[in-house]
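Dock chain B against the given chain A, drawing on the hints supplied.
2 protein chains.
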Amino acid sequence: MADAKKDTKTRILNAAKTLFYMTGIRATSVDAIAEKAGITKRTLYYHFQSKDELITEYLRSRDQLNLQAYKKWFDDEEGEITDKVRAVFNGVSETTSHPKWRGCGFQRTVGELANKPGHPAIKTASLHKKNVEEWFAEEFRRYGLINSEATARYVFLLLEGALSSMLVHHDPAYIHESANAAILLIAQGMRVKGATDS
Amino acid sequence: MADAKKDTKTRILNAAKTLFYMTGIRATSVDAIAEKAGITKRTLYYHFQSKDELITEYLRSRDQLNLQAYKKWFDDEEGEITDKVRAVFNGVSETTSHPKWRGCGFQRTVGELANKPGHPAIKTASLHKKNVEEWFAEEFRRYGLINSEATARYVFLLLEGALSSMLVHHDPAYIHESANAAILLIAQGMRVKGATDS
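In the order they appear, the protein sequences are chains A and B. Positions 91 to 288 (the numbering used here) are the ones given, in order, by the first sequence. Positions 91 to 288 (the numbering used here) are the ones given, in order, by the second sequence.
Hints are computed from structural coordinates only; laboratory data are not their basis. Treat the hints with care, as some may be off.
All copies of an identical chain are treated as equivalent in the list; a pair is satisfied when it fits inside any one copy or across any two copies.
Think about it this way: if two alpha-carbon atoms lie no more than 27 Å apart in a straight line, the pair counts; the simulated DSSO-like pairs of lysine-lysine are [unchecked claim]: (1) K126 / K220; (2) K220 / K174; (3) K107 / K174; (4) K206 / K220; (5) K161 / K126; (6) K95 / K162; (7) K141 / K190; (8) K96 / K206.
These numbers were taken from a predicted model, which means no experiment stands behind them.
Isolated chain A (complex conformation) (with noise of 0.2 Å):
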């Protein structure tokens, strides 16, 4: 009974999902998800408060995916700090070339949410970036990067804009040329450690 449920509400929760990731979430209806979900719109509001729990769980249910899939990246790739760099913006090019990629689902969700600014989706969202910019920030401490802190900054809102010009551009150039100035910019902050060192 217990599991009957679970499976319920996760089947509402990927219902939702599905629909608010490749149609947004204003064009997205209570009715729709119930529908694809196969249940009534009761059972829905029995499992969710409201649209606007849905959409902060989809959000919620994507912070620990996107940053598991950079590190991922990340720690495959054998090398320099660069390397691994490159590895993770090689990754979002991969990614963001496949025909159902719609965007960032966290920009796409803030950007319906604007007139919103309380709205709890927003601070899930700006967790979510906190948590990509603040592992960067880790891995640069851990190989070394006097600012380390700065650099991650930096990288943070390079793959930002790469992720929002590839859905206007739809070109990887965009991607792969944020890595090159990525890649730059933690190598001057490598050679600033090497200056302050020696």
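Chain B only, in chain A's frame:
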């Protein structure tokens, strides 16, 4: 009579621009635009074929306006190219800190149209973003950067990341640190030139 016709058309477009920017394109109905413009839906469709045409015109109207703002901040600043680029980011910081700022209209519209890849508004957005990037490249060529096109793309990507991050975090530090990264990359382009020249 021709003037009255033009006035009506302008009034419709202004109503559409305000509503699209303030609440989003999906959240804005043609009825709401007609009501705000103080006309009937029939009159609206006399001037514009479709909502899609209004969305495209909304973005088209912002293309040169945004670009002119960047150019003004750049031109009004006296000093080195790095000071001028800093001035552009400062201008963006001020604009985006306004309580009525709701993100980059181009980014948000493209995000909402992610499931309509052939939409003419996406082409308009892509063209605008190319115009911004190309303008940076022109200025960098004028100021003698050896890798002006690559640097223009880096600065453009940082600006996109700054705009996107500002909507997520509402923290102008992201814009100022984006400027820092841009200036490091420009300075690097200038050093490369110096090295080649000497």
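> Between the shortest in-copy and the shortest cross-copy C-alpha distance, which are at most 27 Å for K96 and K206: within, between, both, or neither?
Replying inline: neither (30 Å within a copy, 34 Å between copies)
> Taking 27 Å as the upper bound on the Cα-Cα distance, should K206 and K220 be classified as within, between, both, or neither?
Replying inline: Intra 20 Å, inter 30 Å, cutoff 27 Å: intra-copy only.
>> For K107 and K174, with the copy left unspecified, which applies at a CA distance of at most 27 Å: within, between, both, or neither?
In response: neither (30 Å within a copy, 43 Å between copies)
> From the Cα coordinates, with 27 Å as the cut-off, is the pair K220 and K174 best called within, between, both, or neither?
Replying inline: within (20 Å within a copy, 29 Å between copies)
>> With identical chains, the pair K95 and K162 could be close in the same copy or across copies; at 27 Å between alpha carbons, which is it: within, between, both, or neither?
In response: neither (33 Å within a copy, 60 Å between copies)
>> At most 27 Å between CA atoms: does that hold for K161 and K126 within a copy, between copies, both, or neither?
In response: Neither: 32 Å inside a copy, 49 Å across copies.
>> I want to check one pair: K126 and K220. Are their C-alpha atoms no more than 27 Å apart within a copy, between two copies, both, or neither?
In response: neither (33 Å within a copy, 39 Å between copies)
> Using 27 Å as the alpha-carbon threshold, which applies to K141 and K190: within, between, both, or neither?
Replying inline: both (24 Å within a copy, 25 Å between copies)
Of the numbered hints given earlier, the model fails hints 1, 3, 5, 6, 8; all others are met.
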